[in-house]
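Enquirer: So you can see what is in the structure, the chains are spelled out below.
2 protein chains.
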Amino acid sequence: MTELPPDQRQPEMPPTRWGDPAHAAPLPDAVRDLVGLVFPLAERPAEDGVAVPPSRLPVAVVDELRGLLGSEHVRLDDTLRRQRTRGRSTPDLLRQRAGDLGDAPDLVVRPGSHEEVAAVLGLAERHRVAVVPFGGGTSVTGGLVARRAGLAGVLSLDLARMRRLLAVDPVSATATLEPGLRGPEAEALLAGHGLMLGHQPQSFEFASIGGFAATRSSGQSSAGRGRFDAMVVGLRVATPRGEVRLGTAPADAAGPDLRQLFLGSEGAFGVITEVTVRVRPLPEVRRYEGWRWPSFAAGADAMRLLAQADLLPTVLRLSDEAETAVNLARPDAIGGGQDTAEGVVEGGCLMVVGHEGTAAAVDRQEAAVAEVLRGAGGTPLGPGPGEAWVQGRYAAPYLRDSLLDVGVLVETLETATFWSGRERLRAAVTEALVDALGEGTMVLCHVSHVYATGCSLYFTVVAAGGDDPLERWRRAKAAANDAIVACGASITHHHAVGTDHRDWLPAGIGPLGVDVLRAVKATLDPAGILNPGVLVP
Amino acid sequence: MTELPPDQRQPEMPPTRWGDPAHAAPLPDAVRDLVGLVFPLAERPAEDGVAVPPSRLPVAVVDELRGLLGSEHVRLDDTLRRQRTRGRSTPDLLRQRAGDLGDAPDLVVRPGSHEEVAAVLGLAERHRVAVVPFGGGTSVTGGLVARRAGLAGVLSLDLARMRRLLAVDPVSATATLEPGLRGPEAEALLAGHGLMLGHQPQSFEFASIGGFAATRSSGQSSAGRGRFDAMVVGLRVATPRGEVRLGTAPADAAGPDLRQLFLGSEGAFGVITEVTVRVRPLPEVRRYEGWRWPSFAAGADAMRLLAQADLLPTVLRLSDEAETAVNLARPDAIGGGQDTAEGVVEGGCLMVVGHEGTAAAVDRQEAAVAEVLRGAGGTPLGPGPGEAWVQGRYAAPYLRDSLLDVGVLVETLETATFWSGRERLRAAVTEALVDALGEGTMVLCHVSHVYATGCSLYFTVVAAGGDDPLERWRRAKAAANDAIVACGASITHHHAVGTDHRDWLPAGIGPLGVDVLRAVKATLDPAGILNPGVLVP
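These protein sequence lines map, in sequence, to chains Z and L.
All letters in the first sequence, in the order written, are residues 16 to 552 by my numbering.
All letters in the second sequence, in the order written, are residues 16 to 552 by my numbering.
You may find that some hints are simply not true.
As the list claims (entries may be wrong) - Sample of chain Z residues at the chain L side, in silico, Cβ under 10 Å: (1) R24; (2) D244; (3) T254; (4) A375; (5) G469.
What the hints assert, rightly or not - Label-pair restraints from in silico Cβ distances: (6) L320(L) - V387(Z): 23 to 29 Å; (7) R389(L) - H38(Z): 47 to 53 Å; (8) R489(Z) - R81(L): 39 to 45 Å; (9) P521(L) - L320(Z): 31 to 37 Å.
The hints are simulated quantities; they were obtained by calculation from the structure and are not laboratory data.
For glycine and all other residues, C-beta sits at the position ideal for the given N, C-alpha and C.
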């Protein structure tokens, strides 16, 4: 069992903004010009100046929790309760910026082990207190907002103390991680064994191992390494009814794969307390490059060829014309990255191709991939655009804060479908967003996750905030969700369901699918205390 | 929608033996010598000479079914009822050879569409009749034996009329297949589009698409193409409560992946009526070769290196010393194949490596794989042993019949674990089998399915049948199951749970996992008519 020294832990995010305050940057003038929107600065309430509603939990419950975990791990203070309020969707940030802390948990508890989590769940069930597991707090779909109706209060079950590497099996290439480890923390611990997980969603720096599992996260290296759910071979879950341990083999035929019920369960079926994942040796070589495509369709078709030939590089992303223009015109801006003379293209689409692994594997893969891409009409741009992307890969949420500061509404949403439905889905979602948000709205799109049979589509929307940006976005998001469902596509590829997608989930799994989710929840959480209102319609 | 001409359909299997009677062969003398067992020929009852118990279904139910499906698709005749009795495990065959047809279904119905399946389920629920979906009848784990207690009878829901290719999406590389298609039939229909599924378990010639899905089948090309569950992107399921349709995208984060609940559900949650799978272009090149290893451990370690380097060929199999000796000494015997001077090795282990795909991909893959295998200490044996394996890949069950004919007990079982547990598991299962069956028992082992984190182990047991071979095998199988569970391994890698593994399933998923399965079943099948007694403990 290995623990990370406290000074190597990731910092807390402020309640109204993304990320590490030390990395926040003012809005570059270039971006302000680019989006063409000049609005009065939105009022930014001082972060400690807003009152958190008083905790509604009975003192007896608080005392019992103190007896269970120790007083220092049962926190009623406003600072932590504010930090554990909601996630980091644009609506979440807008509400928090407006001083609305109505969803603050009544209490934050920090259990230190599976057994302590189990004890907290038992207590919460007895007192009918909602439990919201908190990993990194990076949900962008309302996954941290529990329904209070019929319950005595809401408890944030903060996994911050469960940040250990529990076991490494170098022969089987597996590692068992605690759920509270943030992405870089898990990688630092594994690097001590010459290993890595290699799962990097945009939220990598702050999101947690438990969150990756509970939301079926997909990382920027999913092309080569697979989604997080594909990396998981074992799970331990605490539920109010007891423990579930799964994973006797990498794969088997011993009935339904119940791991796949807990992956994506978003805290509604239990609290994931251990995750056993496939790990890999640290790569000897990392090589990123850009490719230019005459159109989005041409680039996406080339991705399809690679996927169907089982020839996927580690990273494979394609920006549409609009996103390419924004990135290349302002490489220090949306999508981040350094200015680079090399590889700037006009009127086309940028693809980023990344290869990681042993030198021999990278050479082999790079040559085979390049052959397909050239054959499909791509033009190599060299390492410049690839390296620029690597530099800025986690930067976009910081830019969102800067744009929100000047009254610009920025948000992202994503979906997935089969290849033959790609263009129809892209057009339908774009049209729904522009219709809802009006002229001047920018809709950027990229493909960042590909499969043999289909791909994800990720949209970034930039629009005027207006007088009521929350309501504007609510309508636009609903229109986009309706369009996705009308296309028969998935309501979410990697952002999960939370509360924001919950009402559209039945379109994808049908009424009986919903009944199955309800039956599973009723079995594991009969009192309905686990993240109530999240996931299950 | 494409249908196969009747003359291209696979034949029916006889009730007491495997496969196509035209392909049955007498036991080669060489094998008789090899196993060293000479027993009197077991009595073989004439297949039409055994009485099938009278059907117990009320006439009113039969008449209602006739009205629903047409009289020609509601069959009470002994021949078909006998053919729909049990599966093809050695105990199944022994019981059938002994004239025990106590598990014969009361009636065989052949619905022609999803809607007709749904109607049959509605009727069966009203009359409390057990429904056993029948695809290829190749279960080796008692998956076709339903519990009669508390029910009015047992109905075999034969999917023989549902053998159409419903749709092909060449852009997305998917095809939608009906569940009654046998392996070769599905491939013949897809080949008409230049496509293939490429899923070949040993039961390929007789097993069905629905069965592959319902039992989480794994084929002989699983190394390169993945298990059947990994090929499935969409499912349509008829349940007594209504229809479930799943699969809006290749993968997503819209909650738990409910496809993974129906994959492996063995007819206990519903009847799979459509399966949408990933398909691939027919390979330009197929190349198979043998490699020699000084020991099973050395060969298995090399497989691990390939899997952990994401460098798996299409086919990858390794026989232990005993299985290698049997195969190479008698290449026309167990495992089948042609005699070949090339590649015969003594005192080592044979690995079969197969590459399929475009010429360029096969060249690239073959070179990279060979480099790893040479580096790990393997000796290339050329194409001889590979081609011999291809020739005999579906032959072993025929040989089992010939051995059973002379009183030799032959059966197989399989499990899976993580790489670090491989040797312990192999030793424990071998010891349990030899302990239970006594001196002279042969236990052969191979690895045929590998993952980055672990592998399957497949055991073939050859022993004296004795006076009560059924009871001898029951005890040996229980001992092997206990050993598997004691090692923390999976009770089945690709044979499924059925009734034979049901009592060991809780060891792998725990009591809460069992409760989840029960809750799902109660939701979809409240009257408990779907394959009762199968899968769910």
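Enquirer: Out of the numbered hints, which ones does the structure contradict?
Expert: The structure breaks hints 1, 8, 9; every other hint is satisfied.
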